[in-house]
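Fit chains B, C and D to the supplied structure of chain A, relying on the hints for placement.
4 protein chains.
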Amino acid sequence: MSERVTGPGEPTLEDLRQRLVDFAAARRWQPFHTPKNLAAALSVEAGELLEIFQWLTPEQAAAVMAEPERAHRVRDEVADVLAYLLQFCTAVGVEPLEALAAKIERNELRFPVPDGPADVDGSD
Amino acid sequence: MSERVTGPGEPTLEDLRQRLVDFAAARRWQPFHTPKNLAAALSVEAGELLEIFQWLTPEQAAAVMAEPERAHRVRDEVADVLAYLLQFCTAVGVEPLEALAAKIERNELRFPVPDGPADVDGSD
Amino acid sequence: MSERVTGPGEPTLEDLRQRLVDFAAARRWQPFHTPKNLAAALSVEAGELLEIFQWLTPEQAAAVMAEPERAHRVRDEVADVLAYLLQFCTAVGVEPLEALAAKIERNELRFPVPDGPADVDGSD
Amino acid sequence: MSERVTGPGEPTLEDLRQRLVDFAAARRWQPFHTPKNLAAALSVEAGELLEIFQWLTPEQAAAVMAEPERAHRVRDEVADVLAYLLQFCTAVGVEPLEALAAKIERNELRFPVPDGPADVDGSD
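Protein chains in written order, with the numbering used here: chain A, 1 to 124; chain B, 1001 to 1124; chain C, 2001 to 2124; chain D, 3001 to 3124.
For reference, chain A alone in the conformation it holds in the complex (with noise of 0.2 angstroms):
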């Protein structure tokens, strides 16, 4: 699509998008992947995401990533999300790192840096 040099085994977020749209295309779940359930089904998996989470104190929160079987849920319920986002997108059409990188310069005129020591001890 673009001149990226990418190596093998690094599939970049348009090649695995493309690899969903084959996935549904070959299973016919196409007509299921209207707008308004991909939504929703994006919004029950990052439901599941912060079930992980929902009765962790901060200390437990932190370590999630050390005990191996929530380790696997955290990773399987980050790729749920990205893959209907990714389903999303391609549903209506939205390029998504597009979009990020536009709200990313929206907000950094709604949030300007605060003046003062942040920029001088390293805190960017």
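Some hints here could point you the wrong way.
Pair by pair, the computed Cβ-Cβ distance ranges are [claimed, not checked]:
1) C/Pro2058 x B/Glu1105: 33 to 39 angstroms
2) D/Thr3057 x B/Glu1095: 26 to 32 angstroms
3) B/Gln1018 x A/Arg28: 52 to 58 angstroms
None of these hints come from the bench; they were simulated from the model.
In this text, all values refer to a predicted model and were calculated from it rather than measured experimentally.
No residue lacks a Cβ here, since even glycine has one placed at the ideal position from N, Cα and C.
Chains B, C and D alone, transformed into the frame defined by chain A:
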């Protein structure tokens, strides 16, 4: 970070993840960016995306991007979901593209492509 | 609103709210029942209710209670949502029926009943 | 459970459920009130309640009702969650208090009260 050639204005997911790290650091927001808070924020934003669609008929939902104000809201919420997902991944040390690639592979085993005319009539 | 005498075996919302308080106290779960944790749990359970419907067509969704296993899941998730809502209300000291009555009154002002044949043809 | 006589101005859950039915009917909103749409709306509102808490420290969250504007938002979102839950129950024919009572009974079997001083010292 990697030997990837991308043109100007074509940020990768990793570029944007790093920009979000810098953005939060410059504003000293990191103390708020715990895994639990970010999982909650991700879920909240996914709900805001779903809100756009909750009362729409399938026809209205399919035409959502034809209406400029709604299209802007959709792009904005997609960006928010992706931003919090990337910030969550930073907080727990998960590589989102790896997590998704691994999940797609598990799903290819879990949901085999059905036999029959699916391949023939072009559904992939 | 009406004079109502409730007999035994017909618990009120307040009865169930109190039973949930006792249930958590007996199991020493109160330290986990912070407003923030309970708001997260409520959101997670609402997601689980939505999950039942996410891929259903309108026809399938309308018939959801005809299928015993799904009907049980629906009742179970309704109960979970209501339980966490009541526990949240306990944690923050909100009276849910008062809050809802006040909201309905605000909405009656905000969304006036349209003129015309709506009243005539029996829609209230 | 107890013999209770409710006077005027103390609506029961069922009174409010019925008022919501009348409210929607008068405005001809029933076609939108499908089980799937209402489950989505419930999830969206639960997210809005969580939003109030997402960046708060435990101390700030505990004091949320001391700040009048936030306290109003909390009551408002509690009302919205309860409203959509009741409307969902209407749409699928579930009796919410029965569903919750049955769930509490299942949970009493599933999570037995631990032995020891918990009952004696007042289940603190």
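Task: Numbers of the earlier hints that this structure fails to satisfy, in rising order - done: 3
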